[in-house]
Each structure stands twice: as C-alpha cells, then as structure tokens.
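Turn these sequences into a full structure, and let the hints steer you where they fit.
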Amino acid sequence: MMLCKLSLKNFKKSFKDYAVYFFTLILGVAVFYIFNAIDSQTIMLEVTSSTREIIDLMTNMLSGVSVFVSFVLGFLIIYASRFLMKRRHHEFGIYMTLGMSKGKISKILLIETLLIGCISLIVGLGLGIMISQVMSIFVANMFEANLTKFTFVISASAIIKTIGYFGIMYLIVMIFNTINVSRCKLIDLIYANKKTEKIRLKNPVLCIIIFMISVCLLGYAYYMVLNRYGMMESAAEILIPIALGCISTFFIFWSLSGMLLRIVMSLKKFYYKGINSFTFRQISSKINTTVMSMSIICIMLFLTICILSSALSMKNSLNANINELAPVDIQMMKTMDRDEKSIEDGYTQEQIEDSKLSIEETLKKLNFESDRYFKDVVDIMIYATNDLKVQDSLGSKLETVKKTYPYLDYTTAESIIRVSDYNKLARLFHKEEISLNENEYAIVADFDSWISIRNEGLKENTPIEILGKTYYPKYSECIDGFVYISSNHINAGLFVVPDDAVNDSIRAENVLTANYNASNTEEKSEIEEKIIALDQEDYAENTTISASTRLSIEEASTGLGAMVTFIGIYLGIIFLISSAALLALKELSESADNKSRYRMLRKIGVDEKQINKSVFEQIAIFFLAPLLLAVIHSIFGIQFCNLILNSFGTDQMLTSILMTAGVLLIIYGGYFLITYYSSKWMIEEK
Amino acid sequence: METILKIEDIEKYYGNKSSLTKAIDHISFEVNKGEFISIMGASGSGKTTLLNCISTIDRVTSGHIYLEGKDITKLKGNELNKFRREELGFIFQDFNLLDTLTAYENIALALSIQNVNAKEIEKRIKEIAQKLNILDILKKYPYQMSGGQKQRVASARAIITNPKLILADEPTGALDSKSSKMLLESFEALNKELKATILMVTHDAFTSSYASRVIFIKDGKIFHELIRGNDTRKEFFDKIIDVVTLLGGNLNDAL
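Protein chains in written order, with the numbering used here: chain G, 1 to 686; chain V, 1 to 255.
Hints listed in this document are in silico derivations from the structure and should not be mistaken for laboratory results. Treat the hints with caution; some may be incorrect.
Stated by the list, open to error - Not everything, but these chain V residues come out facing chain G in the computed CB check (under 8 Å):
1. His26
2. Phe29
3. Ile57
4. Asn78
5. Lys82
6. Arg84
7. Leu98
8. Thr100
9. Glu105
10. Ala108
11. Ala110
12. Ser112
13. Ala118
14. Ile121
15. Arg124
16. Ile222
Unchecked claim - No farther apart than 27 Å at their CA atoms in a straight line, the calculated lysine-lysine pairs in the DSS-like style are these:
17. G/Lys268 to V/Lys126
18. G/Lys268 to V/Lys70
19. G/Lys595 to V/Lys139
20. G/Lys609 to V/Lys70
21. G/Lys603 to V/Lys70
Keep in mind it's a predicted model, so treat the numbers as computed, not measured. All C-beta atoms, glycine included, are put in the ideal place defined by N, C-alpha and C.
Below, the structure written as structure tokens:
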C-alpha cells in the first residue's frame, strides 16, 4: 500500500518534470496506431482491385516498418528511463538509508512504469483513434479515390498490435530498471547529487587537427556519394561513405565541443560580457557530455530530412511523369514471328501462328471493333537483329564502359525503328521529330545512365551495320524520346534508322498506339473494361497480345506514390520525435543541477531577463548544432536520392523540401519551445 | 560617523494564522560606514532570515530597511537585481561559486553583469587577487580548490564591485580552523584597508571575535550587543563567550 502511494506521488511529481517524456510516449503510441490502422481506413474507399492489391502490399510493408520503428522507440524509452532513473538516485539513497530493500525500490519503479505505460497507452490510443479519422481523408486523397461514406473506424487489430509492441517495450524497461537498481551502491546513491563535474578542457591543437581531418573525411564522403556513385561496383560500396559520414559526424562534435569554448574564450570582449562566460561554459559541457547522442541525433535528423523530402516528392513527380511519359490512352504490343522452337518455351502452335499476324488482324479475330473505340491510331513495327547488339554501338569505348558497368548484358539485340514510324509517334507524343539521311542513324533514349553510356559511342562516331549496310550517327548524343508509355524514364535506347534500312525479315514487335474514342474518364473506363473483357473471347488463348494503358499506369503509380509517402512520413516522424525527445530530455534532466546555478546567479544580482536569454541561447545552440550538420549532410543526401531514383524534377523537389522544412519546424521547433518553457519554469524560484 | 544601514522595526512572519512563526520580532539597529558587524544567535534564532531580508532575497512582513537613506523594502522585480548587483556583495557558507567556471571567471562575472569591459575586469581582478592571496589559483576550477581558497575567491567576487555593504552568511561554516583564521584576517584587512562595511552572520564565537561589534539575537529579538572598542581579540572573545553562556546551552558548541 505504502509502495503504491510512493509510486503515485512520484508519478505526479515526475509528470510535471518530464512532461516531454510523456508527451513523446503518447505521440509515439498515437503514430504507431495511426499507421497500423491505415488499412482499416482504406476499407471505405472506392478503389479498383489493382489499387486494393497495392494497399495490401502497403499494409504489409507498414507492419514490417513497424518492427523497426518499435526498435527505435524502444531504444528511446530505455535511454529516457535510464536518464530519469539517474536523476532520482538521491531519492533512492534516502529510501535505502531508511531500510527499504532494493526489491521494494524495484517494485516502486515497476508500479511507476506500469502507470506510465497504461496512461500513455490509453491517451495515445485515444489520440491515435481521433487522428486516424482525419487520416482517412488524407488516405483517400493519396490514393485519389472517392470517400464513399464516412464512418468512424476503430481498428481492433491495430490496437492489439500497439498494446503488444509497447507492452514488450515497457517490459524491457522494467527489466532494465530492476537490473539498474540491483547494481546500485548506497554510497553512490547518497552522494549522487554532490558529485561535481570535473572539467577537462581538450587539447586545442588536437581538437583542431581532428576537426580538420573530420571535415576532410566528410568532404570525401560527400564526393564519393555524388561523383563516384556511377562507378560503384556493388551496393555494399555505398556503406563506405555512410560509415565515413557517421565517424566524421562524431568527431566533428567531439572536436567542436573543445574548440567552440576556446574560440569564444579568446574573444575576451564577448566572453566577459554579461553572463556569456556562464552560457558558453554550459553549452560546451553539455555538448562535451553528449557527443555520442548528438551524433546519433544528427544522423537521425539527416535521415528524417532525406526520407521526408524524397517521399513527399515521389508522388508528385510520379504524377508529373505520367503526363509526359504516358500521353496516350493505350498501347498494345505483340511479339512478331516467333520461330518454331518457341514451343519448347511453352508457347502453343496457335500462338506461334498468331505471331505472324498484325495487332489489327488479331483484334478482328477477338471481335474488337478498333475503328469504333480507337482514334489517333499509330501502328508501327519494332525490328531487332543480331547484327546490332549493345556492344556494337559503343566502338572503342566498350572496354571503359564495361569497367564501369560490369553487370550489363552487352550481347542483347538492340531495338530498331523506322524513322517515319518514329516520327508518327513523336507527333502523337509531342516530341521532336527526326530526319535522317541515307546512311545515318540516331538513338532516342530518356534513361539517364543509359544516355551517358550511349553518348560515349555516339561521340566516337561509331558506325553500325544493319543487313549489310553501314550507318553513322547523325547526332553526337541521344535524342530525348520514347516509344513505350510508362510511368518513368526507362527508355534505354532505340535506334532510329532510314525506312529502307530494315525489312520484314527482322521484325520483332508490332506496337499499336491509340487514344480512346471517348471524351471523359467514365467513357474511357468503359472502353478499358471492354478491352479487359477481351480476355474472355474464344480466340484469346491463341494470342500473346499485351497492353499497357494510361489508366493502369496512373493507378499503379498513384498507389506506389502513396505507399512510399506513407512509409516515408511514418519513419520520418518517428525519427524526428525520437531525436527531438532525446535532446529535450537531456536538457530537462540537467535543469535540476542548473537550478542551483541559477539561484547563485540571482543572488549576485543577475536579471531575470539575462537568465532567460542565457537559457534560450543554451537550448537553441543545443538544438541547432545537430540540425545544422544534418542539414549539410542532407544537401548531399538528397542529391544522392535524386541520383538513385533518377526521376525527380527539381521543382517538385523544392515543394517537398519546403514541406519537410515545415514538418521539421513544427515538430522540432515544438520540442524546442516545450523544452525552453519547461526549463524556464523549472529554474524559476517559487 | 555616517550611517549606512538603518533597520527600523522589522518583522518577518512565516506560516498561516493557525501556526504563526515570528522569525524576526521587532528588530531595529543601525550600521555605520566601515563597521564590521557580527550577528550571533543559535540556529532558529532568526539571524539568517534577518540577513535574507537585508539582502532582499526575502521580504519583510512589516518595517523598513534603509541603505544610504533608500528604502530597499520598496524595491520590485529587476530593481532588486540591480540593487543586489550594484550595492551588495555576498559571501555564503557554501561558497556559491559556479562549478563550471574558473576562479577568474567567477570573480569576473560580478563585474561583467555590470557591463564593465574586459580590460578593466582584468585589472581589478589582479588587484584584488593580490590582496586576498589567490593569484595562483585564478585559473583553477572550484573542485580543484580547498574550502578556504574557495571562500577567498567568493570574497573577492563580493568585494570587487566596491559594494556599499558586504553580507556574509556563516562564511567560516564550512572551513577548518586554519582556513577560518586566514579568511577572517582577510576580512579584517578588507575592513581596515578598503573601508568595506561588513555584516556577518555566524553562530561561532571565534569568528565573531574579529568583528568590531557583535549583535546577539534570540527568538527573533535583539538580546544583547557588544562593542569591541580597544579590547584585544582575546579579551573580546572572552566577553562574547560570557554572553553566549548567558544565552543558554544552545550555543555551547561555539567553543
């Protein structure tokens, strides 16, 4: 009974002191619930089956990410509770001198953790359930679906999952606390408050040397990431700049904490002005004792910025790409002239017969009236021959290219298209048309890496041979363009040649491009339904015709964009609140020590205004230091993300960076303000 | 002689109506410029409350305190801070040095909050450090100093602003007898050479014997007053002990 009372009282007391900790726990629980309950929000959406599949995939990915998230939060909670424990050593010392056993102290802690756990879970789940109702609007918006009806949804599975995961975390905290208590020595507990910090100033020369080395290392890591990305031979190599970045981050903080004070101290006029000497001593000792956590926080912030800005721009850029890269409603493809050996690959005799027909003819056999449903039809043929493989167009540069990209298949036959066919498509796609002389060829491509490979060959004026005739490049670089509609820049390169350069003997694929004969989306969907229904025709099993449509590309990319965005926001927010909470807790837990310092300052007559200014400066620098380095990291990190994903336009990037900055400002800035006001409140004399 | 501090019928109550504690019960006295006064009393006699009221850390319930004719019980908010930083110097039992700063920086702080420039600060610290014999520990941190050294640094911080009044709360409370003696000799020197007015609170007869006047407090009232006059320190000490004996057993530990 007594123990319960003590726990309750402590809980009340620490509730005041560690509002930030509770706030973070509640936020963590709420975020965890919201993202695990997303699938239940999508139930009321009117979506197609393919979008539904993407939602299922997203749900699975989110629950996978949740495991990772629970590790991050678990780390945060254990770290925070160790921190809070330390602050109470003196209190435990008193209990022990009064004869309380360690077991009982453990029990007090147990009850407290239980209380904290239950309350944060209940409040957090309540908050999560409320917010997730609003989320359904956001979810509908992301999947571009209609919200059929609005219902209040509570996801039982998400609640159980949240309770389960957090229950395990709290259980681990309890075990940690018990171990911690059993290890304590009474003498240390009693004098826990009396220990004065030993101040060791680091050797300034060493600091400067280490700082220089770290900056160079970091610069090299940046350089590697941006310039040598193309040359990396395996994915593992990217770990080198990442490791370099982490190590140099640590040492930059280590050396900076030593240097900062030295620099400020040498500015005597500034140092001996007001209570600047006190302020900077405080900051330096704070950074000095938290180099490791500062580095971790810095890296977490860096991840947050990169993840959020990439994820937010992903959806926008996917959508923007579609207008450019899928400018027509439908494209049908059919491989031509399969040889008899195809039977071994699983094709039937009928299918081989069918591959000799054009798409138009096959459509007739499927009883599809293409004249009625299609307009702007462009029917073209793609050719391929073993005369022209990837390696043939690279000329003398083949060896250097092979060194850079050793994993490419250089023996694939290239796709070839007649210039008149290409121009027909270019007109339809609003692309630049090409005119070629008798012995000239050109390459159209829009995949950046491939463009750079092919430009090597084009610059060399490499001749190619098709059906015994030689052609030279008209341009020294690739022409921007594509033949197949898609959601991304994936055209690795097509050879455009004069019309008489190829003939039916090497035809490879028939491509039929068209718009639907319809004026609005509903009508378009109707036509698309009819095309999907062709699968039910008797002749369908005799053909290998395939199609990609703008509507399906849109759906897939919307779903993909939504998925990436959700996972990005989930991770981003968790990283952000974890790092901000770590900083806030560290700062607040020191406020007890600082209280006596501020009392001294007041006694010798320092103004309240000056004290507040000093507190503000200390917390601001403490919060800004990791953010600043993280922002510098991010400038390069985001560019690297661009390189990998290769599809972002800069203008979308700007909006997403602004949005990221907004999120950062609200959450990080919010934590900063809470920390400032609570420390101010804690050091106030009552 | 010029009166620097005038305490006029002050009272300080703690608690509420049902359990009222009179910490100070109608005390009045005056301090002249250049005096070295010791206020003696057992724990709970109200001596620290008195000091806190004079230093404006605490407020009186009624009565007035005048410093050079200005009523300091009427000061509010930042006026109080300004008053403390410009007119008073403090020396505390537990030194109250900032553990993150060196001795030099601790002393400098008292000047830098008055916007004294860095050069002037350096000059004045050198001077005072010489007088208090702490030149060689200016670069040290509090945890690297002995109690006596810490208290002399605190005294330097108190005196460097040339305050009208130096208030010392049990300055020898945490010191061994040798350090106490050294500190009190520096007090005497500050009092004689720099004409500093010192008001000290203590329960220790030996410490009090360095003062020029001793005021005894019991249960919040002035009980007795001794003036050293031309007595030697030893004679004065004996007189103080006599009063302490009279005061009752509470101060027996003073020896």
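Here is how each hint holds up against the structure:
no. : hint                 : result
1   : His26                : 27 Å, violated
2   : Phe29                : 23 Å, violated
3   : Ile57                : 7 Å, holds
4   : Asn78                : 5 Å, holds
5   : Lys82                : 7 Å, holds
6   : Arg84                : 3 Å, holds
7   : Leu98                : 6 Å, holds
8   : Thr100               : 4 Å, holds
9   : Glu105               : 5 Å, holds
10  : Ala108               : 5 Å, holds
11  : Ala110               : 6 Å, holds
12  : Ser112               : 5 Å, holds
13  : Ala118               : 4 Å, holds
14  : Ile121               : 5 Å, holds
15  : Arg124               : 12 Å, violated
16  : Ile222               : 26 Å, violated
17  : G/Lys268 to V/Lys126 : 16 Å, holds
18  : G/Lys268 to V/Lys70  : 36 Å, violated
19  : G/Lys595 to V/Lys139 : 25 Å, holds
20  : G/Lys609 to V/Lys70  : 24 Å, holds
21  : G/Lys603 to V/Lys70  : 20 Å, holds
Of the numbered hints listed earlier, those contradicted by the structure are 1, 2, 15, 16 and 18.
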